[in-house]
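Engineer: Residue numbers (the numbering used here), protein chains in the order written: chain A, 1 to 242; chain B, 243 to 819.
Hints listed in this document are in silico derivations from the structure and should not be mistaken for laboratory results.
Here a beta-carbon is modelled for each residue, glycine too, at the ideal position from N, C-alpha and C.
Incorrect hints may have been included.
What the hints assert, rightly or not - Which residues of chain B face chain A? A partial, calculated answer using Cβ under 7 Å:
id, residue
1, E317
2, A319
3, V320
4, T646
5, H647
What the hints assert, rightly or not - Calculated Cβ distances over 12 Å to all of chain A for the following chain B residues:
id, residue
6, P311
7, P318
8, K690
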Amino acid sequence: MRDTRDTRRAGVAAIGKIVRSESHVRYTCQVYGPGETAASPNHSDYAFGAFVRIPLRAGATLPDTLAPAPGDALPPFGETPAASAGWAIGLIYDTILLNPAFGALGPRLSNDEQVELFSPDYVVERATLVSILLLGAASAGRDGRPLMAHGVPALAPDLGALVSPLEDDEIRAFHYYSDAPRAKPYLHMGYLPHAVAQDNPLLPMAILRVTERLETLFPEQQALLSIVKRNFAWRLKVQSAG
Amino acid sequence: MQAAGGAQPAPVGITKGPGDTIHEYTFISRDESRLLKNGEYVYYELEGGANARRVLGRILRRDPVQLFPDTFLSEPAVAPSQVAALVGYDQRASDLFELSVAIMGYYDHTLDSFVNPWIPPSSGTPIYLADDAWLTEVLSRKQPHTPGSALIGSLLTRPDGATPIVLDVKDLVSTHLAIIASTGAGKSYLASVIIEELMRPYNGAAVLVIDPHGEYSALLEMANHDEFADGEPAATRNGAHGAARRPRYQATTRVYQHDQVKVRLSTLTLSDLRYLLPSMTDKQHHFLGRAYDNLRHAKKGQPWTAEELKRAVADVARSSNDESGDDSGNSTVAALHWKIDERFGDNNMVFDPHHHLGLREALKPGQCTVLQLNEVDERDQQVIVATLLRRIYNARVDTERGKTHEGDEQYLNYPVFVLIEEAHHFAPHGDEVVTTRILKQILAEGRKFGVGVGLISQRPGKLDADVLSQCLTQCIMRIVNEVDQKSVGAAVEGVGRELLDNLPALSKGQAIIAGAAVNTPMICRVRQRITPHGGESKDAPAEWRAYHSADATADRQRGDALLYRNQKGFSIFKSDD
């Protein structure tokens, strides 16, 4: 059983780890650099407007935030990861390239090639950081059915928690569900209010990108999504330019 | 928490605070069942405990306080609630309303009216929807089908028949009635419903209907309906030892056609004569006046003829000639004679030297008399109505004062109710016609002598404002014309502006009922008539289609063929062979 899951998830590797948080819903993830993992994450996995998932805190926090997480293979979506309360679902809305060497124009004794050659344990100080806004949470219900909640999750991810991209069927599952066991499922974007409430100029743009993504995932919901899209597009493109 | 009757229902909303005026308050409700319509009745409790008094109020406005953003409404195929659910608002109901209520007061059974508490409810007071049974009890003074009641319909905001609206016939008759509506709004229908109620066994009224358009002959059908009969025939009911037998009641209708309605010449007053003989010179007026006085003096109340009036005029002229020493009066006499002949000569259908409608024949308790005045000239109509009203009023005054006794022509020992259609003809605005004065007199003093008047008009703007304002019970139906709306607003004191604003929105058969015969103004759905309705418009397309039906066409062809043969038979072009 475990094997099949792992096989299914084999292609999805974590893109990085949570290294900082700005609030309960805004986190910074440091993307794995070259050489940090067996396979470097795909650029499209941490693109602007991409969905990610992060295991929510359950037990004790990990002692060393930079220590590698226990295994790259994550449990499948909908199943609660071991010793965790479920998944936080997030949205990448910003990218920051960190370069401590920038501005340090002073003389160096050795150049980069020499450092690589002579100091193999030298940590690459340049990093790609992505900002993540939590949109909600996914957990396994009592009957094994995935349980979705949009909005602010009660629990927060830990420092060092692995961030991995969401696949299309997972995005669909996160957005299209029923509120009660026998109720009719419908499209949810319950995170819109708190996403808009964040004071960040890029977030509305990211939401617009999300809406476009959902339009391709839910072609039958085009009319409903077009209302949200038009609304955002008008405010972002027309009102701000007018 | 318990007030009069029944367990306390669940509240429909919570008081927000005072409204725009001191007699209004506002409350907030989700109103998921959409019960709180404009004009609906709600109440709050004034004091808790056993003394709780329900303060009734009427909803004036319903303002939504929580609307979907316009952008949610941009896709016609998508419900805004779907968009709200998408963004996480998955509540069943999204509506929230602020309702403004006019405080009517609590009902005081000793005063038989609503008493204003003079203080709005405090914020947070629960508001309840008034239940049908309690509303029926407090809105109308009488219960349906009881003596002195006229069930005319039910409250518009409630299901048909749930909350009956009942007029108090005593007040209706003593303080007069006005039915105002545009053409086609159902005024003659409502009038017929009121007449039906007056003729039911529990009222058994004496009603006279002045019907210039011949719309009320369907009331003859009352004889065929059990609703207008009561008791058992005396023969089948044997009371022991001659105990009082209950007489059988059967409402009757008498329709007088225009040629059966005669006005006796001697009942005309001088102003009637002057009104009927128009374009007179000053001299003619003078001669006629003197001749009329002399004639009345000579006849001492006995009937006189047109010839006698002419002779009286000639006598006046003669004495005038004697005084002046010339014959200048002769031309005046000739002109007056010509006018009298023209109006009162043998060709006239209305005036008669001896006969006229007997009051006790035309007016009887349990009888509805319809005077069909179609085909009668408008001035003649006015004089007929004026003389009749004057006779009725004088008879009632004299009978009440004991001046006449049984057997006298002027004896009328029961109150009567006169319903006048096209009332603006009989009391026009800005003009005084022969009926105006007697109408005003009856409206002002009729209650003392038991003469009630109901005026029906489609043009309240053309009706004398004083006359309209004296009708203390008003039934106002749909009025579209603004001038008419304003004149109703000005003349009708008892109805608030906010209720009259509903006038253009009323449908056929819906009426605002206000005034003396009900406890509070309300909007009524008029009940179904028992007798068939006769005042409907002609169905021209149906009649045109009938003209082209196979039978009608065949009939016509047969007729044409006969006509053609006849023409051929008598044609001057006919050849001899």
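Engineer: Indicate, hint by hint, whether the structure satisfies it.
Structural biologist: Evaluated hints:
1. E317: holds (5 Å)
2. A319: Interface hint status for A319(B): holds (5 Å vs cutoff 7 Å).
3. V320: OK, holds: V320(B) within 7 Å of chain A, min 5 Å.
4. T646: violated (84 Å)
5. H647: violated (86 Å)
6. P311: Given a closest Cβ separation of 8 Å, the condition is violated.
7. P318: Answer for P318(B): violated, closest chain A Cβ roughly 9 Å.
8. K690: holds (71 Å)
Checked against the numbered hints given earlier, the structure breaks hints 4, 5, 6 and 7 and satisfies all the rest.
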